[in-house]
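Colleague: Given chain A, work out where chain B should sit, using these hints.
Protein sequence lines, in the order shown, are assigned to chains A and B. Using numbering that gives the first Met the number 0, the first residue of the first sequence is number 0, and each one after it goes up by one. Using numbering that gives the first Met the number 0, the first residue of the second sequence is number 0, and each one after it goes up by one.
One should not assume that every hint holds.
Stated by the list, open to error - Dumping the calculated DSS-like pairs for lysine-lysine here, alpha-carbon to alpha-carbon at most 25 angstroms: (1) B/K183 - A/K365; (2) B/K461 - A/K168; (3) A/K243 - A/K365; (4) B/K461 - A/K54; (5) A/K67 - B/K630.
Calculated from the structure, these hints are not laboratory results. Given the structure is predicted, the values throughout are model-derived calculations rather than measurements.
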Amino acid sequence: MEREVFDKSILVVGGGISGLTTALEAAETGYRVILVEKEAFLGGRVARLNKYYTKLCPPSCGLEINFKRIKRNPNIQYFTLAEVESVSGEEGNYDVAIRVQPRYVNDNCTACGECEKVCVTEIENDFNLGMDKTKAAYIPYQLAFPMKYVLAPEIIGTDEAKKCLEACKYNAIDLGMQSETINVKVGSIVVTSGWKPYDASKIDNLGFGKYENVITNVMMERLAAPNGPTNGKILRPSDGKEVKNVIFVQCAGSRDENHLPYCSAVCCLASLKQATYVREQYQESKVTIFYIDIRAIGRFEDFYTKVQSDENVSFIKGKVAKVEEDPATKDPIVEVEDTLSGEKIKAKADLVVLATGIVPNMSDNKIPVNITCDEFGFAVSDPSKTGIYAAGCAKRPIGVAGAVQDATGAALKAIQSTLRRVTNG
Amino acid sequence: MDKKIGVYICSGCEIGESLDIDALAGVATSEYKVPVCKNHPMLCGEEGSSLIRGDIEKEGVNTVVIAACSPREKTNVFSYDPTVISMERINLREHVVWCHPPNDEDTQMLAEDYMRMGIAKAQKMAPLEPFSEEINKTVLVVGGGITGITSALEAARAGKDVVLVEKGPELGGWMAKLWKQYPKTPPYLELQETGIDSKIKEVKSNTNIRIYTGAKIDKTEGAPGLFDVTISQDGKSETVRVGSIVEATGWQPYDATKLGHLGFGKSPNVVTNIMIEEMAKKGKFVRPSDGKEAKSVAFIQCAGSRDSNHLPYCSSYCCLTSLKQAAYIREQDSNTKVYILYKDMRTPAQYELFYKKVQEDAGVFLTKGEVVGVSEDSDKNLIVDVDNTLLGDRIQIKADMVVLATGMVPSAGIQVKDLPLEPEGASDEKKKEEKEPPKDFIIPSDILNLKYRQGPELPNLKYGFPDSHYICFPYETRRTGIYAAGCVRQPMDGATCADDAAGAVLKAIQCVELTAQGKALHPRVGDMSYPDLYMSRCTQCKRCTEECPFGMYNEDEKGNPLPNPTRCRRCGICMGSCPERIISFKDYSVDIIGSMLKAIDVPEEDEEKPRVIAFLCENDAYPSMDIVGRKRLSYNPYMRVIPLRCLGNVNLVWIADALSKGIDGVLLIGCKYGDDYQCHYIKGSELANYRMEKVKETLDRLRLESDRIRILELSIDEYDKLPGIFDDFMETIERVGPNPYKGF
Numbered sequence: 000m001e002r003e004v005f006d007k008s009i010l011v012v013g014g015g016i017s018g019l020t021t022a023l024e025a026a027e028t029g030y031r032v033i034l035v036e037k038e039a040f041l042g043g044r045v046a047r048l049n050k051y052y053t054k055l056c057p058p059s060c061g062l063e064i065n066f067k068r069i070k071r072n073p074n075i076q077y078f079t080l081a082e083v084e085s086v087s088g089e090e091g092n093y094d095v096a097i098r099v100q101p102r103y104v105n106d107n108c109t110a111c112g113e114c115e116k117v118c119v120t121e122i123e124n125d126f127n128l129g130m131d132k133t134k135a136a137y138i139p140y141q142l143a144f145p146m147k148y149v150l151a152p153e154i155i156g157t158d159e160a161k162k163c164l165e166a167c168k169y170n171a172i173d174l175g176m177q178s179e180t181i182n183v184k185v186g187s188i189v190v191t192s193g194w195k196p197y198d199a200s201k202i203d204n205l206g207f208g209k210y211e212n213v214i215t216n217v218m219m220e221r222l223a224a225p226n227g228p229t230n231g232k233i234l235r236p237s238d239g240k241e242v243k244n245v246i247f248v249q250c251a252g253s254r255d256e257n258h259l260p261y262c263s264a265v266c267c268l269a270s271l272k273q274a275t276y277v278r279e280q281y282q283e284s285k286v287t288i289f290y291i292d293i294r295a296i297g298r299f300e301d302f303y304t305k306v307q308s309d310e311n312v313s314f315i316k317g318k319v320a321k322v323e324e325d326p327a328t329k330d331p332i333v334e335v336e337d338t339l340s341g342e343k344i345k346a347k348a349d350l351v352v353l354a355t356g357i358v359p360n361m362s363d364n365k366i367p368v369n370i371t372c373d374e375f376g377f378a379v380s381d382p383s384k385t386g387i388y389a390a391g392c393a394k395r396p397i398g399v400a401g402a403v404q405d406a407t408g409a410a411l412k413a414i415q416s417t418l419r420r421v422t423n424g
Numbered sequence: 000m001d002k003k004i005g006v007y008i009c010s011g012c013e014i015g016e017s018l019d020i021d022a023l024a025g026v027a028t029s030e031y032k033v034p035v036c037k038n039h040p041m042l043c044g045e046e047g048s049s050l051i052r053g054d055i056e057k058e059g060v061n062t063v064v065i066a067a068c069s070p071r072e073k074t075n076v077f078s079y080d081p082t083v084i085s086m087e088r089i090n091l092r093e094h095v096v097w098c099h100p101p102n103d104e105d106t107q108m109l110a111e112d113y114m115r116m117g118i119a120k121a122q123k124m125a126p127l128e129p130f131s132e133e134i135n136k137t138v139l140v141v142g143g144g145i146t147g148i149t150s151a152l153e154a155a156r157a158g159k160d161v162v163l164v165e166k167g168p169e170l171g172g173w174m175a176k177l178w179k180q181y182p183k184t185p186p187y188l189e190l191q192e193t194g195i196d197s198k199i200k201e202v203k204s205n206t207n208i209r210i211y212t213g214a215k216i217d218k219t220e221g222a223p224g225l226f227d228v229t230i231s232q233d234g235k236s237e238t239v240r241v242g243s244i245v246e247a248t249g250w251q252p253y254d255a256t257k258l259g260h261l262g263f264g265k266s267p268n269v270v271t272n273i274m275i276e277e278m279a280k281k282g283k284f285v286r287p288s289d290g291k292e293a294k295s296v297a298f299i300q301c302a303g304s305r306d307s308n309h310l311p312y313c314s315s316y317c318c319l320t321s322l323k324q325a326a327y328i329r330e331q332d333s334n335t336k337v338y339i340l341y342k343d344m345r346t347p348a349q350y351e352l353f354y355k356k357v358q359e360d361a362g363v364f365l366t367k368g369e370v371v372g373v374s375e376d377s378d379k380n381l382i383v384d385v386d387n388t389l390l391g392d393r394i395q396i397k398a399d400m401v402v403l404a405t406g407m408v409p410s411a412g413i414q415v416k417d418l419p420l421e422p423e424g425a426s427d428e429k430k431k432e433e434k435e436p437p438k439d440f441i442i443p444s445d446i447l448n449l450k451y452r453q454g455p456e457l458p459n460l461k462y463g464f465p466d467s468h469y470i471c472f473p474y475e476t477r478r479t480g481i482y483a484a485g486c487v488r489q490p491m492d493g494a495t496c497a498d499d500a501a502g503a504v505l506k507a508i509q510c511v512e513l514t515a516q517g518k519a520l521h522p523r524v525g526d527m528s529y530p531d532l533y534m535s536r537c538t539q540c541k542r543c544t545e546e547c548p549f550g551m552y553n554e555d556e557k558g559n560p561l562p563n564p565t566r567c568r569r570c571g572i573c574m575g576s577c578p579e580r581i582i583s584f585k586d587y588s589v590d591i592i593g594s595m596l597k598a599i600d601v602p603e604e605d606e607e608k609p610r611v612i613a614f615l616c617e618n619d620a621y622p623s624m625d626i627v628g629r630k631r632l633s634y635n636p637y638m639r640v641i642p643l644r645c646l647g648n649v650n651l652v653w654i655a656d657a658l659s660k661g662i663d664g665v666l667l668i669g670c671k672y673g674d675d676y677q678c679h680y681i682k683g684s685e686l687a688n689y690r691m692e693k694v695k696e697t698l699d700r701l702r703l704e705s706d707r708i709r710i711l712e713l714s715i716d717e718y719d720k721l722p723g724i725f726d727d728f729m730e731t732i733e734r735v736g737p738n739p740y741k742g743f
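The following block holds chain A by itself, in its conformation from the complex (with noise of 0.2 angstroms):
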């Protein structure tokens, strides 16, 4: 039995927590692995919530583990502010190039932060979905990977970048770093590019960018994450006030013709979590969610059963008409139908959570790869075609265990794609 052994590295495509997965999976079994992330730090869409479902752990504890294997493993190298500008070739046989956007800092940066503070320029904080602002000389969270100081691009040119030049101490900052193509061969290839929030400003009966005190799911992770804009405190962004009467609206946007006509899986759990935010929080709050159905699936039951039994919290199986506002006090109405009992609802909060649902990244940017997508931009398995793989949220919408799971049979796939099997007889 003979094996061909082509080049056994692997590209994946994304960061986030599949990718971080399934380049640390195939790493610790023996192979090397290139993963390429668009943003400035590894974690994607999971470093900005405040806690995991069920267990109401911090994402950070489990992200740092992972950070921490990667420390100690030479199998892999990554590159952030990079993107994959195009692939050819086959199976065992890729030829990438990548694309690394310039940081203006390189690996002297010991994050000491003494540009940071000559800086005085604010750009908005991505991290924060552009919900506060952040200096130009930025370490985008507290506990990101690389822990190394960005400088945006606005300020390159400027007098405020050769100040930050002058206060670095370790020669950190290079203003004339450039972007730059970096040609790898890979064995195979796993697309874990992840996904967006969908636009809630298209959901016109929702009220979102109208009424102030409509906000998204993901903003609400920010608001009640201690590093989030309010340092953990939930306020209402009109006025800054606590929050006593919050309406969580399900499927916003989702499983609807006119947006997204698949579920997303996860805001129901989402929305359960997030409500008990609100209730530890303010312990005379009340919340009510408008839902469809409550997909609290498999073991997650328990965590739907919890809260139900919290008073201060109600069901209502209806869907939203519409959402408006009192102009004076800038409180939400809800319209919605009361399908279990017929009655029309108009209910009064301090806020509005939209649960919206989840966009896979490929729907308008697709990845150089010959990969099939579905109708809504996630990638179909197909197992005749053999090297390039997809896992987590560029498949189907999923929730961090399921992403994780899937991210870590895929790493399985493209090791047995950097293996070739010819067997005698």
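Modeller: Only chain B this time, still in chain A's reference frame:
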């Protein structure tokens, strides 16, 4: 070879501006007489790291102490082969200069104590010698259903030899009993073939897969890379050696005879979803009572599921299965009416499109509702009373046949042998009274029959599933090298089972690859240390054999622990449990930490400078403290932090040593334990808590205030609470006063 220590102090990142570096170096050279002590303004740069490498290569330095930033930073720069060079890192940046006032006496004393502690540790660390033995890399797959078959194929495709053991006479499991599958591929609307037949063919024709059907496992001995599994088949026994194990033994349907309240067993025409699938394979949906074809079928969802009297959890597959079966029935005869009575329809992701399609079929009527009764008339037709429906009032549905959509019970949750369900002698009540250490719950399900001291199967966590309940690490297992996959791990459908199989196989392969290099698995991946036992002082107290979360130790008849290094996760919990302190790692031991404690310079009582030790778990508490530094938050300068692999490492002798040295208090901070535990070693912090309760009794007897010891749980994102926690503890220490043993 003789130890030669080199101490390297970095004066960058404000360290040089905040501390008297010369005095700090003086601790190393004068107090500890280290032969090499240098400093550099940027130790992590090219010049700095070359300085260290030069000393290693030319000056024979073989133990490196780096006093600079956190050990979590610049790991690629300060990285040496642990089998040759021992390294200790002292955190002068995040834990000293970034959160304490510069050029301050207390800050300087803090830095100097850390220098002492770091050198004390370095003096006793030894280079690692990885465990080395002939490691077998065959994967054993237990269970020949979709998960087992897929596991076997995936492992074979990855170049491994496989042994597949199936209890029944045929491969295929429940998947082989299905007529069709619900749609998994775009456009997500049409029912699909199961594909199980071709998979069975493939697995049978793969020469790397040895299949045993009609077989079971009599016993499993050994450890990862070294498992000896005895398979019995047709009255004969065979022992095979394997490297790792995938447990894919699937599920049984919930016992419908318990659903008498829904008519099962009372009315013959009340059947289960399993029975409908059998009918579908035969092509006709006939009533058991009279053999007539059913022209109206009512599905009752969550039958015995999401019900605290039956299965509290949701089995995830039943909503989609009922929709599929509705489609079968409607396809077979478009005049047959189908009713689906549900609590919630759970069709996540793209499965929603199939749900929509079935909803659009005018012959299918779906409503949410509570089924309050199922009765039958004289013709054995069924009458289903449903309340709280979408139609408003209570409705009554008449149907020729009723289908109960029953749930899944994992095979690991089914007790097969006549053995007590609970671990010997420990009921919950007794546990609380006697304060026993937390024990695993293991149901003797006759699957692996492990010859492990702690029990014969994978520990069950909740509802019989042997899953470890980690969100981030779903394949994590309490028995190293043994991975549960498919429905035995969690309720899931066929497509997910196939994915799960691939994941479990990856972990099984990774296990043998790492083990062959003498390296540990998750979470201390790559660690080549492992426990050494100084057996001549063992008193056979059995604490290590009982408390190891992974069942690493077997036991002989006398109670002596028998270590199995390839099962070890290197957490050191056994080290903490041993009252004789006989367990140690080459780079981490009771003595090493004890030496660190004793190295602390404790001022006399009249100086009014208390000293407190803070044991911090390296997984969550330590990074959290780094962030406190990064945010430049300040707190009292009297804490001396000692990072531990797990809070479960804490050996009570350290408390005694600390107190007898005059240290005023000991703070322990670890990860959350309990139902939603965070501890990366399952029960490390819980054990620490249990041990601290014992220590409080001792303290009270010594007339030392038990307030001097505090143990807390902390999540990694609770860094803002740390300064308050430290200062609050210091207030308590000030209240109880200085340790009377100071200066003794």
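Colleague: Output the indices of the hints that this structure fails to meet, ascending.
Modeller: Violated hints: 2, 3; rest satisfied.
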